[in-house]
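Visitor: Chain by chain, the residues:
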Amino acid sequence: MITLHQVCKTYPNGVNAVCHLSMEIPEGETLVLLGTSGSGKTTTMKMVNRLIEPTSGKIFINEKDVGQQDPIQLRRKIGYAIQHVGLFPHMTVAENIAVVPRLLRWPVSQIDKRVNVLLAMVGLEPDGFRGRYPAQLSGGQRQRIGVARALAANPPIVLMDEPFGALDPITREQLQNEFIELVSKIEKTIIFVTHDVFEAVKMGDRIALLDSGCLQQLATPVELVENPANEFVDQFLGQHRFQLSLLTRIIKTIMPGTNQKTSGPGTSVPSLRLRAKSSLIEALDMFKKAGKVTLPVYEGKHFVGNLEKTHLLKAITQVMEETGGTT
Amino acid sequence: MSSLIAIFQKLGPEILTRTYEHIYLVFMAMVIAVIIALSLGIYLTRCRWPKLVSVIMGIAGAIQTVPSLALIAFIVVVFAVIRLPTIGTIPALVALVLYALLPILRNTYTGIRQVDDSIIEVAVGMGMKSHQILFSVELPLSLPVIMAGIRISTVWTIGVATLCGLIGAGGLGDLIIKGLRSIRPDYLLAGTLPAAALALVFDWLLGLVEKWLTPEGLRAGPDNKV
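Going line by line, the protein sequences match chains U and X.
To convert, note that position 123 of the first sequence is 123 in the numbering used here; the numbers rise steadily by one, no gaps.
To convert, note that position 155 of the second sequence is 155 in the numbering used here; the numbers rise steadily by one, no gaps.
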């Protein structure tokens with residue numbers, strides 16, 4: 001668990017980057033620090049691995065004050081990935097991934113195995129990629145290596161500073177989805193910095209919205225979108241309210257929930273199905289792809305009910321009316 | 001052409017000795033200059049006072065603007081005042097080293113400074129110590145630039161070293177001075193041609209070293225995928 005207690009950072013030029021920030025990030029959570037540039041989100045993240053020292057206040061990792069720890073040892077236990085990837089251009093993919101394990105003096109054979117596992121994990125074929133140099137990779141591939149490198153020594157905490165920021169929208173979406181998939185498999189506490197509210201809603205278990213160094217709201221994506229804490233949050237979400245609601249609302253909340261048992265299929269789970277946790281947008285996509293008017297909804301392997309397309313559309317219209325949004 | 005061959009036949013042994021002396025002088029000067037300039041350059045990239053950087057760069061630049069003949073004369077005079085040997089290898093080496101410093105110093109400093117900030121930040125963020133960042137990130141990435149500085153410096157020094165014949169340090173300058181004093185074109189050519197050839201050969205050799213030292217990843221472009 002990471003605890004921030006009354007953390008302030010004032011730069012020598014008098015700018016208050018972060019003011020009295022307190023929050024707790026439980027183990028295994030992905031916390032998104034969201035805000036415009038100059039909101040203090042990156043400063044906050046960098047104080048966790050002591051790239052920046054707070055002016056006052058304390059940060060604890062598992063109740064141990066990071067200010068009392070050797071920064072070098074501390075950083076080796078925290079994964080770190082940044083927007084411009086920061087891959088070392090003179091090192092191969094394998095050498096890049098192996099940086100922290102080498103600093104930690106892992107045996108060579110173990111490093112070798114770990115590199116292969118990580119490459120496979122981020123969807124790159126180990127034999128084809130180990131010996132390549134960053135200049136020989138596409139932007140998306142580099143970013144994947146960046147993520148793999150941050151996870152190399154299996155750190156319990158990972159800091160990510162707009163890791164998908166420099167990618168084209170299609171690659172970014174693909175990497176986001178893969179990353180969500182990856183995170184669900186590995187138990188990591190992740191601090192994820194972004195200025196993109198859609199990315200925040202997609203990636204975060206909780207979102208901390210910052211403005212000029214002050215925490216405006218700390219909430220789950222649904223709460224943030226449905227119940228903005230103040231004027232600023234409301235304005236920040238602004239014209240995206242409608243789309244965001246479609247992203248954060250899950251089908252489970254709009255299921256009619258009556259006499260569904262009758263239409264339940266047999267024991268096998270069909271490939272064309274909706275997950276109860278899918279968002280309205282995902283459901284709409286699914287209907288489009290499947291070309292059907294009714295789709296079964298499953299929670300895991302458990303049949304929940306059938307959803308009709310007309311019902312979904314009605315729900316979407318309702319969201320549109322609530323948020324006063326336009327497409 | 002035939003007269004050239006005759007010159008080299010007649011003066012062959014002397015040319016060889018002088019060339020050897022010349023290379024020895026340049027080599028010693030370069031080893032010392034590289035050690036000084038490299039460590040000073042690295043120190044300056046870690047120095048907290050930007051003023052010191054500009055002062056040292058300024059001094060190195062100023063030495064460079066002094067005509068090489070004047071610099072050698074100056075060192076001889078200074079050495080005479082403080083009662084150090086005024087002829088031979090030592091004053092010659094001092095002059096050559098001073099003259100060779102600037103290109104290496106400047107290229108080391110700017111070479112390390114031009115390494116992308118985000119790369120350094122990631123290195124720090126992953127828990128590399130300062131010396132680990134220097135040796136496994138900054139130096140490999142700036143090696144081509146530093147090598148270019150050493151190359152320029154070496155070629156200059158080969159030329160300047162001919163002047164060291166004036167103060168009895170030997171080398172190819174000796175032959176040139178002999179030719180000048182006794183109006184003997186054969187001696188002049190016997191000193192000049194090997195000096196020019198040395199400069200070309202060393203430029204080429206160091207160019208190869210530069211290429212060889214450039215990390216493979218920097219040479220690899222997107223178009224030569226494995």
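Worth double-checking, as some hints may not be accurate.
Taking beta-carbon pairs under 10 Å as the criterion, some of the chain X residues facing chain U (in silico) [to be verified]: (1) 52; (2) 110; (3) 119; (4) 143; (5) 145; (6) 206; (7) 210.
DMTMM-like mimics (lysine to aspartate or glutamate), calculated; alpha carbons at most 25 Å apart, straight line [claimed, not checked]: (8) U/252 x U/205; (9) U/277 x U/211; (10) U/77 x X/117; (11) U/202 x U/24; (12) U/46 x X/116; (13) U/188 x U/199; (14) X/129 x U/70; (15) X/211 x U/95; (16) X/129 x U/112; (17) U/46 x X/216; (18) U/188 x U/285; (19) U/58 x X/116; (20) U/77 x X/186; (21) U/113 x X/216; (22) X/129 x U/199; (23) X/129 x U/187; (24) U/185 x U/211; (25) U/289 x X/216; (26) U/188 x X/216.
In silico negatives: residues of chain X with every beta carbon more than 10 Å from chain U [said to hold, decoys possible]: (27) 8; (28) 17; (29) 42; (30) 47; (31) 59; (32) 79; (33) 106; (34) 132; (35) 137; (36) 140; (37) 183; (38) 209; (39) 215; (40) 217.
If you're looking for bench data, these hints aren't it; they were derived computationally from the structure.
In this text, all values refer to a predicted model and were calculated from it rather than measured experimentally.
Note that the Cβ used here is the ideal one computed from N, Cα and C, for glycine as well.
Visitor: So residue 106 of chain X supposedly isn't at the interface. Is its beta-carbon more than 10 Å from every beta-carbon in chain U?
Guide: holds, 22 Å
Visitor: When you look at the beta carbon of residue 217 of chain X, is every beta carbon of chain U farther off than 10 Å?
Guide: Violated, because the least Cβ-Cβ distance between residue 217 of chain X and chain U comes to about 4 Å, which does not exceed 10 Å.
Visitor: Can you verify the interface hint for residue 119 of chain X: is its Cβ closer than 10 Å to any Cβ in chain U?
Guide: With Cβ-Cβ at 5 Å, under 10 Å, it holds.
Visitor: Test the statement that residue 8 of chain X is away from the interface with chain U: the closest C-beta pair must be farther apart than 10 Å.
Guide: holds, 45 Å
Visitor: Would you assess whether residue 59 of chain X, listed as outside the interface, keeps its beta-carbon beyond 10 Å of every beta-carbon in chain U?
Guide: holds, 30 Å
Visitor: Does the alpha-carbon distance linking residue 188 of chain U and residue 216 of chain X stay inside the 25 Å limit?
Guide: violated, 35 Å
Visitor: Hint check: residue 46 of chain U vs residue 216 of chain X, CA-CA at most 25 Å. Holds or violated?
Guide: It is violated: about 32 Å lies between the C-alpha atoms, which goes past 25 Å.
Visitor: For a C-alpha distance cap of 25 Å, please report whether residue 277 of chain U and residue 211 of chain U respect it.
Guide: violated, 31 Å
Visitor: Examine each Cβ of chain U, and state whether all of them lie more than 10 Å from the Cβ of residue 17 of chain X.
Guide: Its Cβ never comes within 10 Å of chain U, the nearest being 43 Å, so this holds.
Visitor: Was residue 132 of chain X rightly flagged as not at the interface, with every chain U Cβ beyond 10 Å?
Guide: With a cut-off of 10 Å, residue 132 of chain X comes too close to chain U, as the shortest Cβ separation is near 7 Å.
Visitor: Check whether the Cα positions of residue 46 of chain U and residue 116 of chain X lie no farther apart than 25 Å.
Guide: holds, 18 Å
Visitor: Take a quick look at whether residue 58 of chain U and residue 116 of chain X sit within 25 Å of each other, Cα to Cα.
Guide: violated, 31 Å
Checked against the numbered hints above, the structure violates hints 1, 2, 5, 6, 7, 9, 17, 18, 19, 20, 22, 23, 24, 25, 26, 34, 35, 36, 39 and 40; every other hint is satisfied.
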